[in-house]
Amino acid sequence: MDFDLPKEAKLVRRAVREFAESVVAPLVDEMEQTGEFPPQLIKQMGDLGVLGLVTAPEYGGSNLGYLARTVAVEEVSRVSAAAGISLQVHHMGAAAIGEFGSERQKAKYLPALCRGDSLGTCAITEPTGGSDLLGMTSTARPTSDGYVLNGRKCFITNCHLSDAVVTVAKTGEGPKGISAFIVEKGTAGFCAGRHERKMGLRGSDTGEITFKDCLVSREHIVGNEGDGMTIALKTISEVGRSGMAATALGILQACYDEAVKFAKDRTLYGRPIAQLQAIQWQVADIYADLEASRLLCYRAAWLKDMGRDSATEATLAKTYVTEAAVRAAKKAVEIHGGCGTMLEYPVQRYFRDAMVCISAGGTSEIGKLVISRAALS
Amino acid sequence: MEHLHIVVCMKPVPDPKKWGKLKLDPETMLLRRGDVPAIINPLDRQAIEQALILRDQHGGTVTLLTMAPPDAEDQASEALAMGCDAAYLLSDPAFAGADTLATARVLAAAIRKLDAKLVFCGAYSADGSTAQVGPQVAELLGVPDFVQVVALEVRNDVVRARCEAHDGETVYESDLPVVATFSRNANVPRLPTMRGIMQASRAGIVRWTAADLDLRADASGLKGSPTQMLNVFTPPSSRKGEILQGTPNEVASRLLARLREQRLI
Chain D
0 MDFDLPKEAK LVRRAVREFA ESVVAPLVDE MEQTGEFPPQ LIKQMGDLGV LGLVTAPEYG
60 GSNLGYLART VAVEEVSRVS AAAGISLQVH HMGAAAIGEF GSERQKAKYL PALCRGDSLG
120 TCAITEPTGG SDLLGMTSTA RPTSDGYVLN GRKCFITNCH LSDAVVTVAK TGEGPKGISA
180 FIVEKGTAGF CAGRHERKMG LRGSDTGEIT FKDCLVSREH IVGNEGDGMT IALKTISEVG
240 RSGMAATALG ILQACYDEAV KFAKDRTLYG RPIAQLQAIQ WQVADIYADL EASRLLCYRA
300 AWLKDMGRDS ATEATLAKTY VTEAAVRAAK KAVEIHGGCG TMLEYPVQRY FRDAMVCISA
360 GGTSEIGKLV ISRAALS
Chain X
0 MEHLHIVVCM KPVPDPKKWG KLKLDPETML LRRGDVPAII NPLDRQAIEQ ALILRDQHGG
60 TVTLLTMAPP DAEDQASEAL AMGCDAAYLL SDPAFAGADT LATARVLAAA IRKLDAKLVF
120 CGAYSADGST AQVGPQVAEL LGVPDFVQVV ALEVRNDVVR ARCEAHDGET VYESDLPVVA
180 TFSRNANVPR LPTMRGIMQA SRAGIVRWTA ADLDLRADAS GLKGSPTQML NVFTPPSSRK
240 GEILQGTPNE VASRLLARLR EQRLI
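Going down the list, the sequences are from chains D and X. Using numbering that gives the first Met the number 0, the first residue of the first sequence is number 0, and each one after it goes up by one. Using numbering that gives the first Met the number 0, the first residue of the second sequence is number 0, and each one after it goes up by one.
Be a bit skeptical, because a hint or two may be false.
As the list claims (entries may be wrong) - Computed spacing ranges between beta-carbons, pair by pair:
hint: 1; chain 1: X; residue 1: 95; chain 2: D; residue 2: 3; range: 43 to 51 Å
hint: 2; chain 1: X; residue 1: 27; chain 2: D; residue 2: 3; range: 47 to 55 Å
hint: 3; chain 1: X; residue 1: 60; chain 2: D; residue 2: 20; range: 17 to 25 Å
hint: 4; chain 1: D; residue 1: 256; chain 2: X; residue 2: 231; range: 50 to 58 Å
hint: 5; chain 1: X; residue 1: 58; chain 2: D; residue 2: 291; range: 50 to 58 Å
hint: 6; chain 1: D; residue 1: 102; chain 2: X; residue 2: 156; range: 44 to 52 Å
Simulated from the structure, these hints should not be mistaken for laboratory data. We treat Cβ as the ideally placed atom computed from N, Cα and C, and that holds for glycine.
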């Protein structure tokens, strides 16, 4: 067993860390204030190449794979989890097209997504819920030359930043009655509407998409009619959940970094609080969670890179790491005492960000449902 | 202009962000480098960036050259990912323990073999800070050297460089070939891109040992090093405080007098 990262992933870490610290960090305050994603960051991420990490070189990507992508999302999220989730959801859009799209769709959409002309996304969740796919109400009615989409999608990350949205709607009944489509911004009847205001991950774009008699041609269907359930489930579980796990891993690392820094600096009773057992135990808990989380994240990504089934492992990683990030953030805030609740200190942001990660990509309860199936099988 | 071949010399150094963890080996008086991860010497990244800029302007080839232990492959790969066309790792137990002159001899021998018209280095390394290797390489190759370069251009085989001087800048010109060492103010080095990392993983790193170089056996490594280190120690440092008393005006005059007395102003 080799627990060392491959050479490429180490280089990705070094490059993305420097990018995050020099380019993303100065944007964080404004993202917190406005709740908006800085549009220039899309092109900058495109130039760095992180938008094309899971896209084949012939479509403008590097295809360094999911382990490298995990490291990249982790490093961006260590500085800004809001930028991290935006990046990881972009990968969902790119992966759905890359894995299930036609040659024509890949050639049309992927190079632009890699360059950073816009961000990718998957619009699946509806007001009735995200995990109950069969309960969706959006419809795609076949016509002679395509499909007419009607319905409403909510809590969609990158909603206003995406030129081409991968979405799902009902073309029939049951699991084979769901189909996936690529809908371009500007199509008549497509509307990226309401901007959500969130407690955390502020600066990631979240909103609502409505389809009102939105006509798309047959060229916009992803895979075949009826493939939507498979496409959505595979993309959410293998790409989205491993991406949320990586986002939370970045938060965990940031919690650890800040907790240790503060514990070594802050003096109480004439010595740094890091010498108090009460603090040492808190730091040990954060550290243990960080180490366990990293292994879970990397294993899920590695399985995906090996072409093996990773849905359960990615869900396990997502469920464990997002919960661990909340635990770590709470402890990091507590180690900071009163300072931890002040907006000048980043730990309060980590706590708010970690809380939002819990429900994104499926709640912990949905996660446990998946994990228990594997555990009891 | 003929094909421009630029060799950039690179030294892996312990990551300055982690210097707090660096220790000296009490026996050998050498840094225990294994304790801290290595990075490309920051000023060498300036040299790489300048080489890549010139190549993008004029075409040509950028070759990275490093004399280092085998694990310097990571830094060589990073340079390839930044955009260097080739990387050579000069690694041999015979090179170990080299001072600046013995290092410069090995680099110069490799540069002769690579037949480069321009040689770029960082002005100094973050760990040793001697600033000697670049000029020594130039001396051994018998070519002019520009040090502390902040800007450099090549036109019709003539190199023109702006160099930081004590109280400003000096502009030099020379025919090729030239050795130039770059200041921290030269440019903002690019980050490796993900596609660069993908391409770097496909490009191989060429390994040369002493046998590949035209070099006398006693010219490199500890044997070839005239510098003998007698001792390395951390100088004692202490702080003391003094509170000046009086009205603000009196305190200001006393402070001024004390600063002058200490020749601080």
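Status of the hints after comparison with the structure:
1. In this structure the supplied range 43 to 51 Å is violated for residue 95 of chain X paired with residue 3 of chain D, their Cβ-Cβ distance being about 25 Å.
2. For residue 27 of chain X and residue 3 of chain D, the hinted distance range of 47 to 55 Å is not satisfied, since their beta carbons lie about 27 Å from each other.
3. The hinted range of 17 to 25 Å is not satisfied by residue 60 of chain X and residue 20 of chain D, whose Cβ atoms lie roughly 32 Å apart.
4. In this structure, residue 256 of chain D and residue 231 of chain X break the distance hint of 50 to 58 Å, their C-beta atoms being roughly 32 Å apart.
5. Between residue 58 of chain X and residue 291 of chain D the C-beta distance comes to about 51 Å, which sits within the given range of 50 to 58 Å.
6. Taking 44 to 52 Å as the suggested C-beta distance range, the pair residue 102 of chain D and residue 156 of chain X conforms, at roughly 49 Å.
Going down the numbered hints, you'll see the structure goes against 1, 2, 3 and 4, while the others check out.
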